[in-house]
Amino acid sequence: MSLQAHQLACRRGDRLLFENVSFQVNDGELLLIEGHNGCGKTTLLKTLATLRYPDDGYVSWQGEPILKLADEFRSELTWLGHHNAIKLDLTAMENLKIACFLNDLVVTDDEVLNALEAMGLYGYEDLPVRSLSQGQKRRTSLAYLLLTQCKLWILDEPFSALDVKAVDFLQRVISQHIEKGGMVILTTHQEVALTSGSINRLNLVA
Amino acid sequence: MLAMRHKTEILTTLFFFIIVISLFPLGVGIDKGLLQKMAPGVAWIAALLASMLALERLFASDYEDGTLEQMLLSPQPLFIIVLAKVLAHWLLTGLPLVLIAPLVGLQYHLNIDTIVMMMLSLLLGTPILSLLGAIGAALTLGLRGGGILISLLVLPLYIPVLIYGAGAVADSMLSHNNVESYLLLLSGFLILTLVLTPWATAAALRIASE
Chain X
1 MSLQAHQLAC RRGDRLLFEN VSFQVNDGEL LLIEGHNGCG KTTLLKTLAT LRYPDDGYVS
61 WQGEPILKLA DEFRSELTWL GHHNAIKLDL TAMENLKIAC FLNDLVVTDD EVLNALEAMG
121 LYGYEDLPVR SLSQGQKRRT SLAYLLLTQC KLWILDEPFS ALDVKAVDFL QRVISQHIEK
181 GGMVILTTHQ EVALTSGSIN RLNLVA
Chain G
1 MLAMRHKTEI LTTLFFFIIV ISLFPLGVGI DKGLLQKMAP GVAWIAALLA SMLALERLFA
61 SDYEDGTLEQ MLLSPQPLFI IVLAKVLAHW LLTGLPLVLI APLVGLQYHL NIDTIVMMML
121 SLLLGTPILS LLGAIGAALT LGLRGGGILI SLLVLPLYIP VLIYGAGAVA DSMLSHNNVE
181 SYLLLLSGFL ILTLVLTPWA TAAALRIASE
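These protein sequence lines are chains X and G, in that order. According to our numbering, the first sequence is numbered sequentially starting from 1. According to our numbering, the second sequence is numbered sequentially starting from 1.
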């Protein structure tokens, strides 16, 4: 399986963010998208996730344009954006269950609890997320990565607000996913260590 | 799926409705004939305004915390998700109005028949308001001053509902000849909006996420 970008171009208002961006991500590969602030990293990720239409070019999944595949492509995709996508009034448990429900993922309470425990949130699962710290909120939304069965992960700055231990753990989660043949596309300002698989870098220069 | 833990929201719409309703007798005096004549229109206009109060928040919180992105990307049809959101909105803002309608009846000296008719017309009409309002809420996502823009977009669309809703109640006070046709028209609107508006709202949400 592969995700291919063909001659992508994106504009923000009158400003051209990038053009002629082409790349391919295969099974067991990690794509790191680098570039300074405001060069269009998030815009590129949104385009790859069908949240935004490219101004030129197209993205294909196994040879088919993703906009044509629509829900078929989306069911292979896990997206974590800048925002944590969690409801502050619900508990961590409930947030994860909703995320799984939305993605047709059948999980037991124990599986959700284990994921939270692995993310270091043991004992916090029944508190409204509002009362957790910024890093703990981030961990709650990242715990979903332990549950999802999707092949392609698109993560926007997944390491932000995390402490050293959590960054380590997340790196392990990502490399495990790569080892299993998954694909990861992420933006970060940090180095990512992989035990296997290959890392490709894409540098967006405005 | 859509646990709403903001109890204040129900109460604000409900109290807004009650207060608007109560202001009219205070303003125009307690002449029985006049109040009876005004009741259908006043109750319906108050219902329109009240159901619009919470519209702005319908998708705004999902937009801000990123949940909307997850909904757009989930394999569930967006149509169904929109419908669930609208249903939740109606349960919180529409249904309480239907249930409080007898209070209006008491304040405006309406008889039982008319009160029942008012509840029935509100029951058919308020879901239409929520469904139409959802389009406005989705279109104004992420805009500054979206709240006022929603009213400008949505209120004109509410006019047919107002005419037939208030018409049904007024008619039930005078004769009973046309009540049925008013209600049938309202049901027609309801079915039409139920089928069409979730598509429009879903399309507007996709645009808003860019």
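Keep in mind the hints are simulated off the structure, nothing from the lab. For clarity, every value in this text was computed on a predicted model and none was experimentally measured. Errors might be hidden in some of the hints.
To be verified - To spell it out: a stretch of chain X is covered by chain G in this simulated footprint if at least three of its residues, at any positions, have a beta carbon under 8 Å from a beta carbon of chain G; those stretches are: (1) 72-78; (2) 82-96; (3) 101-110; (4) 157-166.
A virtual CB, placed ideally from N, CA and C, is assigned to each residue, including glycine.
Okay, the hints, checked on the actual structure:
Only residues whose C-beta sits within less than 8 Å of a C-beta in chain G count toward coverage, and the stretch 72-78 of chain X has 3 of them, enough to reach three; the restraint holds. For a cut-off of 8 Å, the count of residues in the stretch 82-96 of chain X with a CB near a CB of chain G stands at 10, and the three-residue condition holds. Check result for the stretch 101-110 of chain X against chain G: holds, 4 residues qualifying (beta carbon to beta carbon below 8 Å, three or more required). Counting residues of the stretch 157-166 of chain X whose CB falls under 8 Å from any CB of chain G gives 0; the rule of at least 3 is not met.
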